[in-house]
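Enquirer: Chain by chain, the residues:
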Amino acid sequence: MLLDVKNLEVTFALRSGPVQAIRNISFSLDRGERLGLVGESGAGKSVAGFSILNLISQPGFISGGEIFFEGKNLIKMSEKELNTIRGDRISMIFQDPMMTLNPVLTLGTQMTEIVRTHHKLSKKEARSLAIETLRQVHIPTPEKRIDQYPHELSGGMRQRVVIACALISKPALIIADEPTTALDVTIQAEIMDLLLELCESENMGLILITHDLSVVAQMTDRIAVMYAGKIVEIGKTQQVIRESQHPYTQGLLKALPQKRFIGKRLNQIDGSMPSLLSMPTGCSFHPRCPILDDRCRAERPSLQDCRLEGHQAACFKVEGK
Amino acid sequence: MKEAWLQFKSSFFLYSFLRDPVAIVSFLIFLVLVILSFLAPAIAPHDPYDLAAIDIMDAELPPVWMAEGENRFLLGTDGQGRDLYSTILYGMRTSIIIGILAVLLQAFLGICIGLIAGYFGGLVDNFLMRLADIQLSFSTLLVAIIIGALFQTAFGVEKYEDFSLILLIIIIGIAEWPQYARTMRASVLAERKKEYVEAARVIGLKSGRIMWRHIFPNALSPILVISTVQVANAVMSEAALSFLGLGMPITKPSLGALINAGFEYFISGIWWITAFPGFVLVILIFVINLLGDWVRDVLNPKLYKH
Amino acid sequence: MTPLLEVTNLYKHFDISGGLLDQLQFEGGRIVRKKTTVKAINGVSFDVHPGETLCMVGESGCGKSTVARTVLGLYEPNQGEIRYKGERIDNLPPSKMRAFRAKMQMVFQDPYASLNPRMKVQQILEEPIKIHKAAATSKEIAEKISEVMKDVGVDPHWKNRYPHEFSGGQRQRISIARALMVDPEFVVADEPISALDVSIQAQILNLMMDAQEERNLSYLFITHDLSVVEHIGTRVAVMYLGTLCELSSTRKLFESPRHPYTQALLSAIPRLDEEKPNHIKLKGEVPTPIHLPSGCVFHARCPLANERCKQEIPKLLTIEENLQVACHAVEEQRD
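Chains as they are written, first to last, in the numbering used here: chain X, 1 to 321; chain B, 1001 to 1306; chain A, 2001 to 2335.
Rather than coming from a laboratory, the hints here were simulated on the basis of the structure. As the structure is a computational prediction, the values presented were derived from the model and not from experiment. Each statement offered as a hint is correct.
Straight-line distance between alpha carbons at most 20 Å, and here's what the computed DMTMM-like set of lysine to aspartate or glutamate pairs gives:
1. A:Lys2096 / A:Glu2081
2. X:Lys236 / A:Glu2274
3. A:Lys2130 / B:Glu1198
4. X:Lys259 / A:Asp2273
5. A:Lys2120 / B:Glu1191
6. X:Lys259 / A:Glu2275
7. X:Lys254 / A:Glu2275
8. A:Lys2281 / X:Asp184
9. A:Lys2120 / B:Glu1003
10. X:Lys264 / A:Glu2213
11. A:Lys2315 / A:Glu2332
Bound-form chain X, shown alone:
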């Protein structure tokens, strides 16, 4: 097992008191496996991704749980030990490439810096590795591009460079936070192609954080659907999409425009996600749920195995095994 997150909790110490952004989530990832973390804004999917490398900024902090990566508990590690893993064994890709790339440094400087922080390489070796990696992400004439600045590249190219930066030290796991959201459809398709190809050829694990179900459908082996700081459903990608168990996942899928119902009203989920400051009692989805009963209002459901293999959902109405 590559990554094993157990009972992770993240709390934000706000002016009005502590608020739990991540409430007891667990998931695991095998070597070379791709997992999609799906949810709407505020569901806690980004916080979950960031907490793996303990990158949550103040006033947030990890308030409980364990994260095992290649057998070691990341939560117990000091900042210094974590830094040997960040960017080397686990890399991150962010939504906006301009936030990741430093506008005043050339691509070469930025990429060699990453490798040379973690490995003893001469400048020359690091440079040729950087060129090699740029070629790997299909950047034409990498020998020339490496001396250019980020603003000289188009949006799609920049995201390729960001991927190259994440890839250069051959990590075992990439965490990608909305890597294609800022891009146009045609470029999104190219970047998805590229990520998929690289994950397969390098046998890398991928955690893809996104709000777009159709993107994860094409990219991942498994999906974890998050709602209000919890995983409400987790299972094999096609199973979650074709035979979703949790009413939230079902509603989300039905809300997407579909070929069968062109021009008809879409199936909407009324209301909106509760704010972390005012969580409802019981199941946090119950105020929007079409099939709730009294138990849902009072009790909080936890993830349970359902009749499908390797599939769990946090809902009382789901048939167990």
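Since chain X is already given, all that's left is putting chains B and A on it; use the hints.
Expert: Just chains B and A now, with coordinates in the frame of chain X:
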């Protein structure tokens, strides 16, 4: 009204104020200084404006705690025999009045000009901003000399003394409006691009209404930020002008004029006439600037702290 | 049937060269003055029929939002004509334009930026009526506000709240309410759902479809999301670099896209039922609208391009009923 009070009570503004001891202390000192100065006619032991009550024989007396000090004069007297404590209170009142009214004038001019420049852009913007550049290249001093000279030749020195307060307000107001105009313009340029302004245009609102009703309230917070610092600057400018003899006449001294008046005695060991008003001026400017810093931190979203 | 809105050969270029000093450049031993212009729209013609939804799609920077804003008179076109019910509106002074503003409204992309943060919902909503129906009494206005708020699904009791007290979806409802206050016939929606979450997107789309049915609205719907287009569009206009590539009925466009760019665009939509991405790969990058390519703007990336495409700008030709394409390859039936 009650609703507004409740809203204020739960606001971030008050919350951060109550958690910043520096802000609280400076605000309290500022409040005390303002109250003292505006109650001057009631609490001052002497009336420095009443020429009949001044006795030249009392001149240059040191503060009470020194050997030759008299109980009547807490902080001693100045070169004309006026009680220094009372004169400082009256002088501070003059300084604060000039500071605040001059800033109001600056703000009025600057906001109007900045709003128009930022909203209409193009040639209007170019013209108004070059005007601001020209204004900035004249120092306050130059404006004071020009206006002062014009007024004195037109109406005579007597009249000048009567109107010096209003003249100083106008001088400082005119000399420093470009700060406001620039801040306002930058803020308007940022707001003008937002979709709510386009929405107002799609509705068919007239430019004036879009400017005042939509853009102005949203562009206001940087204006508040610079205002506190501008008050401190205006008080300083007034002191500097009075110190140079271009400001308040010695019969109605402001803090600056008082410092100036005492300066000629300074070398002969009579230090208090300059030192006490100087000290009050420094404290006044200091607390206003500290308050300004705090306002900037609170209102600047880029420095927003959790 | 006369079209509601008719746009003919529209051009909009933006001068971004800044002040005089920024324009001066040293070239071949001489100082020359150079202007930089963004050629946002280059000869776009289309019309909107009463009661239909014309969707305008394209990638960022293709000029679709500029078209929306030019149609509503927020930008002045450099060339071309815009007619509303046969009357020219692109050169009207603001006072005459006001009569048309009551008929044409707009819904914006960002619900956080499109509502004035310092105004209460009631103030936001009453502003359009006060301008266009000066005779309305305050009672009528209040009734209208609560009626429209109910229509868009926001509780009328909340009219004294400020925008920041609402969620993104509710703000977008208020933004739609503002557009509906004057009972318009034609609404331009500029990416109205792209800033919203999936479950909220469905709510807003439903609301817009309901409003269209009840009020017989016509939409010019700007979006980059093709699955939304397929769902609500009557006709689709595909834009690339400031020009129209293809304009046809939604069904035809999704069944058999003609223009090579439309084909690539459609193949790039991720689908829930596909397990692996499968799309047409385009070569090269999108050129900037500052340096437009000669001939067909798409020729450098087009798999079917030849000499003619590099030289000659293709015209939007009617291939069959409800299907217009601007492509030499389609015209010549190249393969």
